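A.B. asks: Each chain is listed here by its residues.
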Amino acid sequence: MTRRRYGLLADYAHPEQLIEAARAAREAGYTRLEAYSPFMLPELEPILGQRSNRAYWAGIIGALIGGGLGAAMQIYANLSYPLDIGGRPLIAIQGFAVIVFLLTIAGGAIGALFGLLFLCRLPLLHHPLFEMEAFQRATDDRFLLCIRADDPLFDETGTALWLAEKAVSVSEVPA
Amino acid sequence: MSRADADPRYPGADTPHFLPRRMPLGEVSDRILTIPVDFAPYRKRWWALFIFSCLLLGLFLASAVVVIWNGVGVFGNNSPVNWGFPILNYMWWLGIGHAGTFISAMLLLLNRPWRNSLNRLAELMTIMAVACAGIYPILHLGRPWLFYYTAPYPNTMELWPQFKSPTAWDFFAVLGYLFVSLIFIYIGAIPDFASARDHARKRRYKVFYGLLALGWRGASSHWAHWRRAYRFIALLAVPLVFSVSSGYSFLLDLGPETGWHSTVFPPYFVAGAIFSGFALVIVIALGLRRFFGWHLLITVKHLDVLGVLLLASGWMTAYGYFADIFIAFYSGKEHEITVTMARLTGPMAWTYWAAIFFNLICLQALWWPQVRRNGKALLAIAVGVLIGMWCERWMLIITPATRDYLVSSWQSYSPTFWDWSLFIGTFGLFLVPFCLFMRLLPMISSFEVKEALHRCRGGEDD
Chain V
1 MTRRRYGLLA DYAHPEQLIE AARAAREAGY TRLEAYSPFM LPELEPILGQ RSNRAYWAGI
61 IGALIGGGLG AAMQIYANLS YPLDIGGRPL IAIQGFAVIV FLLTIAGGAI GALFGLLFLC
121 RLPLLHHPLF EMEAFQRATD DRFLLCIRAD DPLFDETGTA LWLAEKAVSV SEVPA
Chain E
1001 MSRADADPRY PGADTPHFLP RRMPLGEVSD RILTIPVDFA PYRKRWWALF IFSCLLLGLF
1061 LASAVVVIWN GVGVFGNNSP VNWGFPILNY MWWLGIGHAG TFISAMLLLL NRPWRNSLNR
1121 LAELMTIMAV ACAGIYPILH LGRPWLFYYT APYPNTMELW PQFKSPTAWD FFAVLGYLFV
1181 SLIFIYIGAI PDFASARDHA RKRRYKVFYG LLALGWRGAS SHWAHWRRAY RFIALLAVPL
1241 VFSVSSGYSF LLDLGPETGW HSTVFPPYFV AGAIFSGFAL VIVIALGLRR FFGWHLLITV
1301 KHLDVLGVLL LASGWMTAYG YFADIFIAFY SGKEHEITVT MARLTGPMAW TYWAAIFFNL
1361 ICLQALWWPQ VRRNGKALLA IAVGVLIGMW CERWMLIITP ATRDYLVSSW QSYSPTFWDW
1421 SLFIGTFGLF LVPFCLFMRL LPMISSFEVK EALHRCRGGE DD
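Protein chains in written order, with this note's numbering: chain V, 1 to 175; chain E, 1001 to 1462.
Derived by calculation from the structure, the hints in this document are not laboratory data.
Only a predicted model underlies this, so the values are computations on that prediction, with no experimental measurement involved.
Check before you lean on any hint, since a few could be wrong.
[Unchecked claim] Quick list of in silico lysine-lysine cross-link-like pairs, DSBU-like style, CA-CA up to 35 Å:
1) E:Lys1202 to V:Lys166
2) E:Lys1333 to E:Lys1164
3) E:Lys1206 to V:Lys166
Bound conformation, chain V alone:
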């Protein structure tokens, strides 16, 4: 029985090398891999199949809930305690629009925040990668590619050799 590991981590000095490596890994047939970079590289999304608009949808749903609650609250309050002021309409769309608008935006922001946290599975207190020396610079100036051990094609020596061709260093991530 071998020891448990999370995967193999390859370290690149430049974003282009990471993008290149990610593309090569996909072409070689690896499916369970993830790239890490200090800033966003949208070029990686189509390569790694991560193009997803779910964060937008989370925001849109939040906005609709916020706006809906805003309208419902105002309509309910006015029906529950009707105030006839100079015969003005009880349900005044123009008057209610401001709060509906403000709550739509607040709801959208809250939806986007919680959607983001849910989609990224955050907060997460610990992750095997945090133990890695090489990963310390993932948020600084290094670009990393991790092929997970549960990938069907994963083979410790083979994958490590394949990654080492271009990377600055390759290290094994214990689980």
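Starting from the known structure of chain V, fit chain E onto it as the hints suggest.
C.D. replies: Frame of chain V; chain E shown alone:
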């Protein structure tokens, strides 16, 4: 430190983000992220600023206690000037907040990479300014401990706020604005918290930033969601800027006061808000630039472009001055003209002419690039604009109230000692958290600067 770094006249490179093209990514982290974890070089200056801010905060707290203990009678407000300093300062602070959102959200959507050196400090300014503004209506209530009555909540009295009133709108506007700004700055700072976590050597910093970073790893799947969420909130924040300051211009429509009903008010107030906010962004950017020696990150070109924005928003505000006066005379209403004449020539005319002097005349110096690129001159003009905008609020809010419909009820207004001390104290309320942010947060968004550097190099990264 290189020579160029030490030289405040360092011109800024000819790139879309104004930073040197070849600046290494690691250097960005070194300049920004090592500050909170290795604060020793700045400690003395920081303590001086912090103690000064604490004194101001103390003044604020003392004044607030006096106001709460004695009631709002300690303010100079009285009939017919029912809205004095509290509303004036509320609008002044709230307006200032708007430029932060404008810089971070609008310029993000317009894809202006130079914004990445300024967005963090501008957003922090927004949050503190909105907090300073928000405290005023609460203290002005008379019984501040019942301020939660303004919130809609199910209660045994079956009372609801009057949702058709601008005062209820205002509650939602200020709170919603604060909330959205907090979410926006937090999402925008998560990757930087992660960088700070990985840069920290001491355990307590690792834990502090680790908790704030929520376990961010910079995975590309995370970035894919992050950039959409961030842009989505930016897209929401832009209309929010316009709605909040038009919202508080509607507050003035509440009363039958002459001079508060011009239809130019909503756009006029939006422009004025962004204008005064840019002025404070300039002051803070210049301050931090000097404090942390960030001449390479906040370049002369940044100052130049901020100067241009100040000039442009100043002219938009100036349109408001002209339109307001023109409409008053064009209306032909006698009382409207009386009020306008009081603004122009009455005992409080100094506020009108001070606003014109600072916001219109002095501002024109910014047409000259030498002025925009000179830190001291730009600072002087920006501080002038802050004073001018404060005077503008005075002439808009207080002066008309002194000229009631009946001459017998004309009455002057003078702020009391506690009016002034509370106002000066709010600077402490602004500065104390700001000092703590300077101490603990990366004040420039390092990952966005890195991204701008990478995009501009376009493939030939080294």
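A.B. asks: State for each hint whether it applies.
C.D. replies: We went through each hint and held it up to the structure:
1. Our distance criterion of 35 Å between C-alpha atoms is met by Lys1202 of chain E and Lys166 of chain V, whose separation comes to about 34 Å.
2. Distance check on the hinted pair: Lys1333 of chain E and Lys1164 of chain E sit about 28 Å apart at the alpha-carbon level, within 35 Å; holds.
3. Proposed proximity of Lys1206 of chain E and Lys166 of chain V is supported: the alpha carbons are some 32 Å apart, at most 35 Å.
The structure agrees with every numbered hint stated previously.
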